[in-house]
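> These are the residues of each chain, in order.
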Amino acid sequence: MSWWEFWKPKAERLDFIRDFLEINAQPITGIRSIDQLNFTVIDTETSGLDPAKDSILSFGGVKIFERKIQIQSSVEWYPTAKNSGGKTAPIHGLVGIQDQIPLEDFLKKLLPYLANSILVGHHVGFDLELLEKELKPFGIERLPNAVLDTGNLAIRLEHGPHADRSRINLESYSLDALCARYGIETDDRHTAAGDAFLTAQLLLKLLKKCHAKGIQDFKNLMKNY
Amino acid sequence: MSNVIVNRVAEFLKRFPPFSFLEKADLDLVAKAVEIQYLEKGETLFHQGDVARPHFFILKEGIIHLVESSSKGDEIHEVCDEGDVFGVLALLGKRPYLLTSKVVENCLIYAIPVAIFEKILEENSRVALFFAAGFAAGQVVVRQDLSEGQRARGAFKSASGDHSLLIFSDQSQINFSEKVLKCGPDTTIQHAAKLMADAQVSSIVICDENDFPQGILTDKDLRSRVLAPGISTKNPVWAVMTSPVITRKKQDGFSNLYLTMIRHRLHHLVLTVDGSEQSPVAGILSDHDVFLSMGNSPAVLIHGLMNTLEVSDMRIIRDRAEQMLLYYLENEISMEFVASVMTEINDVIISQALEIVQQKLLTDYPEMAKVRFCFLSMGSEGREEQLLRTDLDNAILYQDVPEKLKAEASEYFQKLGEGIVEVLLACGFDPCPGKIMASNPEWVQPLSVWKNYFSEWILHPSPEALMKVSIFFDYRAVVGSKALAEELTEHIYQEIAEKQIFLNFLAQNALKNPPPLGFFKDFVVEKSGENRDQFDIKSRAMLPLTDLARLLVLSHRIVGINNTFKRFEKLSELEPGNSELFSQAGKAYEILMRMRALEGLQTRSNGRYIQPKSLGKLQRQLLKNAFSPISELQEIVNIRFQLDYFRR
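Chains as they are written, first to last, in my numbering: chain A, 67 to 291; chain B, 94 to 741.
Simulated from the structure, these hints should not be mistaken for lab results. Incorrect hints may appear among the rest.
List time: in silico BS3-like cross-link candidates among lysine-lysine, alpha-carbon distance up to 25 angstroms [stated by the list, open to error]:
| # | chain 1 | residue 1 | chain 2 | residue 2 |
| --- | --- | --- | --- | --- |
| 1 | A | K275 | B | K153 |
| 2 | B | K134 | A | K279 |
| 3 | B | K125 | A | K134 |
| 4 | A | K275 | B | K134 |
| 5 | A | K175 | B | K125 |
| 6 | B | K631 | B | K706 |
| 7 | A | K275 | B | K195 |
Take a look, some chain A residues computed to stay more than 10 angstroms from chain B by CB distance [unchecked claim]:
| # | residue |
| --- | --- |
| 8 | V128 |
| 9 | L196 |
| 10 | P203 |
| 11 | K274 |
Ideal Cβ placement from N, Cα and C applies to all residues, glycine included.
Kindly produce the complete structure, drawing on both the sequences and the hints.
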């Protein structure tokens with residue numbers, strides 16, 4: 067199934083949306099080697115845990131190409147949210163952020179940034195759900211990109227492809243636990259960019275593990291069991 | 094503005110010299126440019142003798158040993174752990190690495206681009222001192238005297254080697270043997286072998302009574318044509334020799350002789366008095382002679398390519414070819430030679446890629462081994478003028494197969510194309526933005542479909558069709574059955590002959606390119622976008638010439654010349670009246686190719702955009718002069734194809 071089947075025109079088609087969909091129209095070749103894949107590792111901080119009500123307070127991202135984290139590509143954006151100042155904001159220390167940008171400007175930066183890369187995140191489903199909520203008025207209900215979850219990838223690598231999730235202690239697959247296990251220093255936790263950076267380092271290490279297990283191309287990397 | 098991630102990197106760097114000497118602004122600049130890499134125990138970051146990367150390294154975690162390997166075994170020079178800076182040779186003189194970096198414990202490595210640091214080195218004396226005093230690990234060269242540096246260069250002869258220079262500046266330097274071992278066609282194989290053994294040479298030329306070469310017998314022939322099939326050595330040599338022989342004369346000049354050897358994959362080239370095979374033998378040039386005199390050369394690279402099916406090795410060799418290219422361009426080696434050599438290297442990469450993918454696929458599709466096909470290169474690679482690894486344009490053409498095989502053939506060739514394109518991408522070529530690649534099912538088709546494509550474009554020359562024509566008409570069969578491609582060419586000429594008006598459309602299209610110079614004879618630069626204030630040398634100067642050459646060549650119904658400057662050469666022969674203009678246009682194109690390639694190598698881009706302000710006065714004038722044939726040619730085309738009338 068391709069993206070356009072999910073896509074129903076809802077709002078006026080804007081140029082940046084069209085460019086984004088166009089660049090994603092071509093799927094990534096299955097036999098492309100992992101060395102040649104573009105990953106964008108993302109994380110968001112939100113005003114709460116309910117995708118329906120809460121919104122994105124900050125977005126952090128960094129890209130990986132040729133198995134190298136490209137610091138130059140790192141970004142940290144603070145979109146103005148409708149209901150910021152919710153409960154979690156003080157915890158994350160996000161009150162009184164200066165460089166806030168209007169939501170639409172944020173999306174206009176976001177889509178060209180994501181382009182047709184593979185989106186990576188830890189429990190990335192939640193982040194995507196919130197991004198998609200903001201993109202919906204612009205006509206994108208579901209991001210067309212390939213998605214890789216570092217949590218699921220770690221489980222697959224450590225327990226094999228057919229692991230029974232109900233028997234796995236999922237707590238040991240939190241970002242904190244994985245970082246501890248893979249020897250990644252955790253500071254800057256709970257800032258979007260900080261978490262994205264940790265996740266990117268985790269991905270580098272997981273990709274090495276993939277290589278050792280013979281997972282070397284896009285098709286195998288994305289295989290769903 | 095720096096973000097959390099950049100800050101994290103900067104904080105780490107700040108803890109260690111020389112980064113601790115940096116101001117905040119510089120530190121941020123450096124941190125922003127870092128690339129992070131993860132290597133596991135047992136891997137190697139760089140090898141002794143590798144060309145210096147554009148990065149040097151600082152270890153974030155893990156342990157790396159810097160090791161010198163020699164005949165006596167490996168010797169550890171330096172043990173690096175967190176915060177150690179190494180691989181700085183690149184920073185200091187662009188020499189090859191003297192040591193191998195072995196990962197002993199899983200490593201997170203920060204790579205810092207040399208380019209960013211060079212400026213800092215100039216401005217910050219403490220940082221400069223850090224490197225000059227050799228505090229960074231593995232920095233053998235600066236501590237040693239000059240002889241050490243020379244040793245380093247001797248270890249790896251590729252980086253702008255001094256060796257090839259000798260060849261081109263003084264052609265008498267090539268040593269080939271004038272004494273050639275010869276025998277008659279009726280000599281027995283055994284006797285011929287004995288003659289070779291006595292003379293300790295690897296080949297013998299078989300001559301008739303006039304001393305004219307009839308054939309050649311080499312060590313390899315003895316192995317594969319005599320010993321392996323078990324032919325009696327009492328047979329005469331003419332039965333097993335390679336015949337006819339390709340011959341040249343020694344006055345042809347080194348680059349010509351050498352090119353012949355590369356093209357025909359010859360190990361031995363027979364030289365005769367007048368260059369034809371109807372003339373007495375005068376000498377023999379072996380690839381060994383060439384190797385000895387060159388050190389590093391196209392032959393070495395091609396030889397290396399042909400002996401590997403490892404994609405990563407192919408990538409390294411292609412990178413090395415780029416260094417050789419830079420050397421050629423800077424030394425004004427003739428563009429014809431440079432383009433031929435680079436085309437040959439690209440072609441070998443394609444045929445090796447085919448080999449790799451075929452090996453993988455044929456077990457699943459045994460029937461497909463018999464189906465004839467060819468891999469077409471189009472665009473600049475098709476025109477044999479792709480110097481840099483710019484866009485790939487290619488396609489696959491296969492013979493029409495019976496109905497029952499159709500689905501299988503389509504699937505097989507689709508996979509074949511996809512695989513080849515992947516290998517090429519991994520070798521550093523850029524994908525075609527218009528998806529004109531052999532991985533696109535639309536361009537992997539049997540002959541009949543291809544014929545229909547071209548008929549359709551010729552019959553309905555819409556703007557889009559004309560755009561395709563400009564890419565597809567320059568196709569060239571790189572590997573596979575050339576006869577198939579010829580059949581297609583034949584079809585195209587027939588179609589054009591029936592519909593002459595197509596050429597008028599093509600002519601109209603050729604005049605559409607934007608002009609290079611504005612009203613005040615100044616460069617027309619891009620007005621917006623990321624290339625603002627830059628000059629688009631490709632679409633404003635090269636494309637018009639390519640389009641015009643293609644059009645005129647088609648109108649003369651010339652087949653088999655794809656190269657733009659060769660097309661102009663041919664045109665100047667065919668139209669003596671415009672001979673001067675055409676040869677100027679050909680030369681202009683060579684200049685533009687050289688400029689673009691140099692720009693691309695210097696800025697590590699595709700060289701398409703040039704900053705007019707960065708050019709010297711002389712270069713600007715040279716570039717402007719190169720434009721003058723364009724408008725004259727356009728005028729000729731305008732009149733010849735009656736375009737003023739046609740536009741209405």
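> Taking the hints in turn, state whether each one holds.
Each hint, compared with the structure:
1. Taking the CA atoms of A/K275 and B/K153, the gap is about 20 angstroms. The hint holds against a cut of 25 angstroms.
2. Using a Cα cut-off of 25 angstroms, the hinted pair B/K134 and A/K279 holds, with the two alpha carbons roughly 16 angstroms apart.
3. Restraint check for B/K125 and A/K134: satisfied, since their Cα atoms lie roughly 14 angstroms apart, inside the 25 angstroms limit.
4. Between A/K275 and B/K134, the direct Cα distance comes to roughly 12 angstroms. Compliance with the 25 angstroms bound is thereby established for this hinted pair.
5. A hinted pair counts as satisfied when its Cα atoms are at most 25 angstroms apart, and A/K175 with B/K125 qualifies at roughly 19 angstroms.
6. Annotation: proposed proximity of B/K631 to B/K706 holds, straight-line Cα distance about 17 angstroms (limit 25 angstroms).
7. Taking the CA atoms of A/K275 and B/K195, the gap is near 19 angstroms; set against the 25 angstroms cutoff, the hint holds.
8. The Cβ of A/V128 sits about 6 angstroms from the closest Cβ of chain B, inside the 10 angstroms cut-off, so the non-interface label is violated.
9. Taking the minimum C-beta to C-beta distance to chain B, about 20 angstroms, the non-interface status of A/L196 holds against the 10 angstroms cut.
10. At roughly 27 angstroms, the least C-beta separation between A/P203 and chain B is larger than 10 angstroms, which holds for a residue marked as non-interface.
11. Some Cβ of chain B comes within 10 angstroms of the Cβ of A/K274; the nearest lies about 5 angstroms off, and the non-interface call is violated.
The structure is inconsistent with the numbered hints 8 and 11, although it conforms to all the rest.
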